[in-house]
Amino acid sequence: MLLKLLKYDLRSMWKQFRVIWPAALILGLVNRFIFGAPTIYDGSFSLVVGNYTFAPNGGAFTQWLGVITMFLFFGVFVAMVLVSFIFVITRFYKGLLGDEGYLMHTLPVRSWQLVLSKLVCALVVTVVNAIVGVLALVLMMPLNWTELFDTELWRMILRALAKHPDTLLYFFEFCALFLTVFTLGALVLYLSMSIGHLFSSRRVLMSVVAYFGLNILGSTLNNLINRLGFPRWLAGLPVNSHGELWISIGLTLIPVVLMFLATSWILTHKLNLE
Amino acid sequence: MSEQLITCQGLTKAYGHKAALSGVDLEVGRGRIVGLLGPNGSGKTTFIKLLCGLLQPTAGTLEVAGQPIGPATKSLISYLPDRMYFADWMRAVDLFDLFRDFYRDFDYSKALAMCASLGVEPGDRLKSMSKGTKEKVQLALVMARRAQLYLLDEPIAGVDPAARDFILHTILTNYNEEGTVLISTHLIADIEKVLDEAVFLKAGQVMLHNSVDNIRENEGKSVDALFREIFRATPMEGGEF
Numbered sequence: 001m002l003l004k005l006l007k008y009d010l011r012s013m014w015k016q017f018r019v020i021w022p023a024a025l026i027l028g029l030v031n032r033f034i035f036g037a038p039t040i041y042d043g044s045f046s047l048v049v050g051n052y053t054f055a056p057n058g059g060a061f062t063q064w065l066g067v068i069t070m071f072l073f074f075g076v077f078v079a080m081v082l083v084s085f086i087f088v089i090t091r092f093y094k095g096l097l098g099d100e101g102y103l104m105h106t107l108p109v110r111s112w113q114l115v116l117s118k119l120v121c122a123l124v125v126t127v128v129n130a131i132v133g134v135l136a137l138v139l140m141m142p143l144n145w146t147e148l149f150d151t152e153l154w155r156m157i158l159r160a161l162a163k164h165p166d167t168l169l170y171f172f173e174f175c176a177l178f179l180t181v182f183t184l185g186a187l188v189l190y191l192s193m194s195i196g197h198l199f200s201s202r203r204v205l206m207s208v209v210a211y212f213g214l215n216i217l218g219s220t221l222n223n224l225i226n227r228l229g230f231p232r233w234l235a236g237l238p239v240n241s242h243g244e245l246w247i248s249i250g251l252t253l254i255p256v257v258l259m260f261l262a263t264s265w266i267l268t269h270k271l272n273l274e
Numbered sequence: 275m276s277e278q279l280i281t282c283q284g285l286t287k288a289y290g291h292k293a294a295l296s297g298v299d300l301e302v303g304r305g306r307i308v309g310l311l312g313p314n315g316s317g318k319t320t321f322i323k324l325l326c327g328l329l330q331p332t333a334g335t336l337e338v339a340g341q342p343i344g345p346a347t348k349s350l351i352s353y354l355p356d357r358m359y360f361a362d363w364m365r366a367v368d369l370f371d372l373f374r375d376f377y378r379d380f381d382y383s384k385a386l387a388m389c390a391s392l393g394v395e396p397g398d399r400l401k402s403m404s405k406g407t408k409e410k411v412q413l414a415l416v417m418a419r420r421a422q423l424y425l426l427d428e429p430i431a432g433v434d435p436a437a438r439d440f441i442l443h444t445i446l447t448n449y450n451e452e453g454t455v456l457i458s459t460h461l462i463a464d465i466e467k468v469l470d471e472a473v474f475l476k477a478g479q480v481m482l483h484n485s486v487d488n489i490r491e492n493e494g495k496s497v498d499a500l501f502r503e504i505f506r507a508t509p510m511e512g513g514e515f
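From first to last, the protein sequence lines are chains A and B. Under my numbering, the first residue of the first sequence is numbered 1, with each subsequent residue one higher. Under my numbering, the first residue of the second sequence is numbered 275, with each subsequent residue one higher.
If you're looking for bench data, these hints aren't it; they were derived computationally from the structure. These numbers come from a predicted model, not from an experiment. For each residue, glycine too, the CB sits at the ideal point set by N, CA and C. Careful: at least some of the hints might be erroneous.
As the list claims (entries may be wrong) - Over the 10 Å line for every Cβ pair with chain A, so calculated as not near, a few chain B residues:
id: 1; residue: R306
id: 2; residue: G315
id: 3; residue: K384
id: 4; residue: A390
id: 5; residue: I430
id: 6; residue: A431
id: 7; residue: K495
id: 8; residue: A499
Stated by the list, open to error - Below, simulated SDA-like cross-link-like pairs (lysine to any residue); rule was C-alpha separation at most 20 Å, straight line:
id: 9; chain 1: A; residue 1: K94; chain 2: B; residue 2: R365
id: 10; chain 1: B; residue 1: K292; chain 2: A; residue 2: L271
id: 11; chain 1: A; residue 1: K7; chain 2: B; residue 2: W363
id: 12; chain 1: A; residue 1: K7; chain 2: B; residue 2: V367
id: 13; chain 1: A; residue 1: K94; chain 2: B; residue 2: K408
id: 14; chain 1: B; residue 1: K408; chain 2: B; residue 2: R438
id: 15; chain 1: A; residue 1: K270; chain 2: B; residue 2: G284
id: 16; chain 1: A; residue 1: K270; chain 2: B; residue 2: S296
id: 17; chain 1: B; residue 1: K292; chain 2: A; residue 2: S200
id: 18; chain 1: B; residue 1: K408; chain 2: B; residue 2: V367
id: 19; chain 1: B; residue 1: K408; chain 2: A; residue 2: D99
id: 20; chain 1: A; residue 1: K4; chain 2: B; residue 2: R378
id: 21; chain 1: B; residue 1: K401; chain 2: A; residue 2: F87
id: 22; chain 1: B; residue 1: K408; chain 2: A; residue 2: G98
id: 23; chain 1: A; residue 1: K4; chain 2: B; residue 2: D379
id: 24; chain 1: B; residue 1: K401; chain 2: A; residue 2: Q16
id: 25; chain 1: A; residue 1: K7; chain 2: B; residue 2: R365
Said to hold, decoys possible - Here chain B is said to cover these stretches of chain A; the calculated rule only asks that three of the stretch's residues, wherever they fall, bring their Cβ under 8 Å from a Cβ of chain B:
id: 26; region: 2-12
id: 27; region: 99-106
id: 28; region: 259-271
From just these sequences and the hints, can you work out the full model?
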């Protein structure tokens with residue numbers, strides 16, 4: 001049943017992002033051609049990304065076009081983040097606690113499956129956002145494709161990886177930590193909306209109050225754990241930095257599981273779609 | 275298989291301090307068309323939502339086919355709510371796909387045939403449809419299932435008399451005769467002729483539950499006339515005007 005729910009949540013996601021994701025990639029490509037190869041800064045409009053300085057080559061028209069497309073490019077990025085944030089909230093609030101909830105809660109599924117489906121969908125949005133963001137920047141970079149497919153370059157990368165074999169592992173561990181933290185953030189929103197739903201009136205306001213309340217509770221617990229000497233305890237453990245990362249992921253998963261269970265419990269035992 | 279389809283004992287639902295349903299004891303059998311009748315605010319919608327699991331009871335027990343409300347009972351119930359419940363991006367066929375995925379008793383070809391007879395183009399986006407057309411889509415969704423229990427919340431409210439006949443005809447020609455249809459309404463005259471039983475709700479309590487034939491025989495009047503007598507508007511009583 002979870003897969004069937006995901007099918008519809010992912011379709012809903014695609015309807016929401018089907019313009020913005022391709023737009024980010026296309027604008028990245030457009031900027032690549034307008035800005036061309038990196039040039040020496042001459043006082044005109046330019047953008048610095050890492051070691052590269054981008055400046056539109058050509059006359060005044062190209063200069064202005066460059067300014068517009070670059071603003072559009074970053075505008076799409078900002079829009080992508082904002083739309084994602086709104087998507088995470090509205091798909092849960094409208095989908096489970098609004099009129100659409102009349103459909104979703106009468107399907108023969110468990111409440112935890114409904115919550116998990118929304119959560120997985122939110123995670124997919126985040127991952128695809130990150131991929132689209134990186135791809136758009138890559139498309140904008142004046143990469144030399146011949147160099148990119150040069151076997152010597154890949155040999156060099158493989159040699160570097162052989163020298164530091166845990167680089168890739170670090171990368172995946174940081175990705176896992178990032179996703180765990182994002183999951184926690186999404187679940188704080190879900191639980192806040194579920195708590196707000198427990199009230200018979202001013203549900204949106206009470207959701208906002210619950211959100212701040214949960215964040216204050218989280219900070220207080222965090223401070224308490226730090227005061228009890230958790231960082232010293234962690235540093236004293238006979239584990240390497242990989243172990244520390246996995247402990248961080250594991251500890252973040254505790255509130256994740258608790259909030260998931262609390263949200264599912266409210267939707268199972270306290271649902272009141274009035 | 276449980277003999278009674280709906281069983282509730284001492285069913286109470288309160289919103290804050292206000293009781294919408296208060297100690298309702300009711301049993302409804304199979305293969306019946308039952309009118310859940312009462313003025314606005316009498317608890318009809320609350321009772322239906324409790325059966326669907328959209329509300330949780332404050333006290334008492336509620337079972338459908340001998341099981342407490344949950345995924346198993348939801349698979350037996352086909353629910354027509356008093357509002358639109360689909361996302362803007364969907365087309366009617368998307369909803370049909372969804373119902374086919376989740377309900378084994380959903381008849382896809384019947385839904386398409388009903389759309390054709392109701393004059394609905396299933397490939398159109400729901401967002402672009404009129405309110406009346408959206409209601410027809412929801413009706414097709416609900417009646418294309420071979421459900422054990424149909425819960426129809428005010429299906430004929432807010433439509434003209436011709437449309438009422440059309441909706442009732444659609445319901446009567448498509449429901450599963452082995453199942454039970456529970457129709458909530460305060461427009462008794464329009465549905466009286468199709469009812470087997472009537473449940474009168476007043477201020478969250480069952481005032482009367484009997485077969486329509488018994489009501490006519492015992493009271494010597496139609497269900498509509500009895501309803502008007504019981505719920506006659508009196509000042510400060512909150513009756514139906």
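So, going through the hints one by one against the coordinates:
1. With a cut of 10 Å on Cβ distances, B:R306 stays outside the contact zone with chain A, its closest approach being about 21 Å.
2. No beta-carbon of chain A is positioned within 10 Å of the beta-carbon of B:G315; the least distance is around 13 Å.
3. Here B:K384 stays apart from chain A, with its beta-carbon at least about 19 Å from theirs, past the 10 Å limit.
4. Consistency note on B:A390: stated as away from chain A, and its beta-carbon is indeed over 10 Å from all of that chain's, at 23 Å minimum.
5. Consistency note on B:I430: stated as away from chain A, and its beta-carbon is indeed over 10 Å from all of that chain's, at 19 Å minimum.
6. Against the 10 Å criterion, B:A431 stays outside the reach of chain A, whose nearest CB is about 16 Å from its own CB.
7. Distance check for B:K495 against chain A: the nearest CB is about 36 Å away, which clears 10 Å, and the non-interface claim stands.
8. No beta-carbon of chain A is positioned within 10 Å of the beta-carbon of B:A499; the least distance is around 33 Å.
9. A threshold of 20 Å between alpha carbons decides the hint, and for A:K94 with B:R365 the separation of about 18 Å falls inside it, so the pair holds.
10. Distance hint between B:K292 and A:L271 is fulfilled; the C-alpha atoms sit about 18 Å from each other, no more than 20 Å.
11. A distance of roughly 14 Å separates the Cα atoms of A:K7 and B:W363; the hinted pair therefore holds under the 20 Å criterion.
12. Restraint check for A:K7 and B:V367: satisfied, since their Cα atoms lie roughly 15 Å apart, inside the 20 Å limit.
13. Between A:K94 and B:K408 the CA atoms are separated by roughly 18 Å; this keeps the pair inside 20 Å, and the hint holds.
14. For the hint linking B:K408 to B:R438, the alpha-carbon distance of about 15 Å falls within 20 Å, and the restraint holds.
15. With a CA separation close to 19 Å, the supplied pair A:K270 and B:G284 stays within the 20 Å bound.
16. For the hint pairing A:K270 with B:S296, the CA-to-CA distance comes to about 19 Å; that is within 20 Å, so the pair holds.
17. Straight-line distance between C-alpha atoms of B:K292 and A:S200 comes to about 11 Å, which keeps the hinted pair within the 20 Å bound.
18. With a C-alpha separation of about 12 Å, the suggested pairing of B:K408 with B:V367 holds against the 20 Å cut-off.
19. Under the criterion of a C-alpha separation no larger than 20 Å, the hint pairing B:K408 with A:D99 is consistent with the structure, at around 14 Å.
20. About 13 Å separates the Cα atoms of A:K4 and B:R378, which keeps this hinted pair within 20 Å; it holds.
21. Restraint check: the Cα-Cα separation between B:K401 and A:F87 comes to about 19 Å, which is no more than 20 Å; the hinted pair holds.
22. With a CA separation close to 18 Å, the supplied pair B:K408 and A:G98 stays within the 20 Å bound.
23. Our distance criterion of 20 Å between C-alpha atoms is met by A:K4 and B:D379, whose separation comes to about 16 Å.
24. At roughly 15 Å between alpha-carbon atoms, B:K401 and A:Q16 fall within 20 Å of each other, so this suggested pair holds.
25. Taken as a hint, the A:K7 and B:R365 pair is honoured in the structure, with Cα atoms around 15 Å apart against an allowance of 20 Å.
26. Coverage of a stretch by a chain is defined here by at least three residues with a beta carbon nearer than 8 Å to that chain's beta carbons; for the region 2-12 of chain A and chain B the count is 5, and the condition holds.
27. With 7 residues bearing a CB less than 8 Å from a CB of chain B, the region 99-106 of chain A meets the requirement of three and the coverage assertion stands.
28. Using a Cβ-Cβ cut-off of 8 Å, 3 residues of the region 259-271 of chain A lie near chain B, which meets the minimum of three, so the contact claim holds.
Checked against the numbered hints given earlier, the structure satisfies every one of them.
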